[in-house]
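Position 27, counted from 1, in the sequence shown is what the UniProt record's numbering calls 27; the numbers after and before it change by one each time, with no gaps.
No lab work stands behind these hints: they were computed from the structure.
Using C-beta positions, here's what the derived DEER-type ranges look like:
(1) Gly-81 <-> Gly-47: 15 to 23 angstroms
(2) Arg-3 <-> Arg-66: 33 to 41 angstroms
(3) Gln-6 <-> Gly-81: 27 to 35 angstroms
(4) Arg-3 <-> Glu-32: 44 to 52 angstroms
(5) Ala-57 <-> Val-2: 31 to 39 angstroms
(6) Ala-84 <-> Glu-22: 14 to 22 angstroms
Since the structure is predicted, the reported quantities are computational estimates derived from the model, not experimental observations. Idealized CB from N, CA, C, for every residue including glycine.
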Amino acid sequence: MVRRAQPERTCVGCRKRAPASELLRVVAIGDEAGHSLRPDPFRRLPGRGANMHPDPACFALAVRRRAFGRALRVTEVLDHGVLAEHVDAPTTTSGQPDRARVASRVGRPT
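Work the whole structure out from these sequences, hints included.
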């Protein structure tokens, strides 16, 4: 059996390395009001991404350290309301957020 290496990424909150499949990708979406952070659980949104554990503690650390702005190379203040809702959302038994609810929040059809 051949074992393939998985890509690893660093969590912007706790700064620990983990397989990319265990981390939540976050992107900054710009509009006329500024930039807001959006979860990208399917890793399909365009642009530079930052990775974090889908854990409220890692999210709080990243916000406190202002890590999202540095990782995403955005100099203005980022709105993290949608991301906070996603991180605090209840998960299914698999540990992953409900796909229909995630798709509606990130503006994708189910």
